[in-house]
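A.B. asks: Sequence:
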Amino acid sequence: MVQYAERELVKQAIGSGCFTDRMPGFVMEQTVHQGGDPIIVAGLAAGDVEPAGLTDGEILDSVDETMSSVVGRPLRRIAGFVKSWTHDPWSRAVVRAPIGDQRDTVLPLIAAPLDRTVFFAGEHTDDRVGPGGMEGAIKSGYRVAREVLA
Numbered sequence: 001m002v003q004y005a006e007r008e009l010v011k012q013a014i015g016s017g018c019f020t021d022r023m024p025g026f027v028m029e030q031t032v033h034q035g036g037d038p039i040i041v042a043g044l045a046a047g048d049v050e051p052a053g054l055t056d057g058e059i060l061d062s063v064d065e066t067m068s069s070v071v072g073r074p075l076r077r078i079a080g081f082v083k084s085w086t087h088d089p090w091s092r093a094v095v096r097a098p099i100g101d102q103r104d105t106v107l108p109l110i111a112a113p114l115d116r117t118v119f120f121a122g123e124h125t126d127d128r129v130g131p132g133g134m135e136g137a138i139k140s141g142y143r144v145a146r147e148v149l150a
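First residue of the sequence shown: 1, per our numbering; consecutive thereafter.
Some hints could be false.
Said to hold, decoys possible - List time: in silico DSBU-like cross-link candidates among lysine-lysine, alpha-carbon distance up to 30 angstroms:
(1) K83 x K11
(2) K83 x K139
(3) K139 x K11
What the hints assert, rightly or not - Each pair of labels, with its calculated beta carbon distance range:
(4) D104 x G141: 18 to 26 angstroms
(5) E65 x W90: 28 to 36 angstroms
(6) R116 x A5: 43 to 51 angstroms
(7) A137 x L109: 12 to 20 angstroms
(8) G57 x Q34: 24 to 32 angstroms
(9) F26 x G53: 15 to 23 angstroms
(10) G53 x D101: 34 to 42 angstroms
(11) D56 x L109: 30 to 38 angstroms
(12) S16 x T86: 34 to 42 angstroms
(13) L54 x D127: 29 to 37 angstroms
Bear in mind the hints are in silico, worked out from the structure with no lab data behind them. No experiment lies behind these values; they were computed from the predicted model shown. The beta-carbon is built from N, C-alpha and C at its ideal position, and this holds for glycine as well.
Full structure from sequences and hints, please.
C.D. replies: Next comes the structure, spelled out in C-alpha cells:
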C-alpha cells in the first residue's frame, strides 16, 4: 500500500484500478470519497508473482517504478507499507474469495456470533460478491455493530 502526493495524476491514470505487466500486477485506488490531495493505492502481488527475497524497501521502490510508468512521470511517495498475507501465520492467504456455494454455506457460519457474546467482523465475513478487501471489512464492522446493538 502506498500513498502518493499526486492524487489527480494517479487517479486519471488508473481510474479505480488497473492491471499492469509489472509488480504489482493489479493496483486499486483506496481513497474513493475521501478528501485531501494525496491518494492511497493498494497493490496485489500474490501467488507466483509474490516478490520473494526482496526487502520492503525494494518492493516499494518497484511499486513506485510501476506507478511512475503508468502515470508517465516520477511520483512522490509519501508513505508505504508492505504486508505478505501469504507469510502471515494467522491468515496464510490474501483475501477471501468464496467459490461455488460458499457464500451461502460457509460465510454465514464464520460470521455468526457465539452465544451473542463474541462477534466476528472482517473481510472474510462479508457476503458481497467478489473478494473481500477493505470495503468488505468495513461493511462487516457495521454489520457487527448492528448485531451488538440489537
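A.B. asks: Next step is simple, just say for each hint if it's right about the structure.
C.D. replies: Hints, one by one, checked against the model:
1. With a C-alpha separation of about 23 angstroms, the suggested pairing of K83 with K11 holds against the 30 angstroms cut-off.
2. With a CA separation close to 22 angstroms, the supplied pair K83 and K139 stays within the 30 angstroms bound.
3. Only pairs whose Cα atoms come within 30 angstroms are accepted, and K139 paired with K11 is accepted, the gap being roughly 24 angstroms.
4. Between D104 and G141 the Cβ separation comes to about 22 angstroms, which falls inside the hinted range of 18 to 26 angstroms.
5. Evaluation of the 28 to 36 angstroms hint for E65 and W90 yields a pass: the beta carbon distance comes to about 31 angstroms.
6. Range check, R116 to A5: about 47 angstroms between beta-carbon atoms, so the 43 to 51 angstroms window is met.
7. In this structure, A137 and L109 meet the distance hint of 12 to 20 angstroms, their C-beta atoms being roughly 18 angstroms apart.
8. The supplied range of 24 to 32 angstroms is met by G57 and Q34, whose beta-carbon atoms lie about 26 angstroms from each other.
9. Separated by about 21 angstroms at the C-beta atoms, F26 and G53 satisfy the suggested range of 15 to 23 angstroms.
10. With their beta carbons about 39 angstroms apart, G53 and D101 fall inside the hinted range of 34 to 42 angstroms.
11. Hint check: D56 to L109, Cβ distance near 36 angstroms, so the stated range 30 to 38 angstroms holds.
12. For S16 and T86, the hinted distance range of 34 to 42 angstroms is not satisfied, since their beta carbons lie about 25 angstroms from each other.
13. Range check, L54 to D127: Cβ separation about 35 angstroms, and the 29 to 37 angstroms hint holds.
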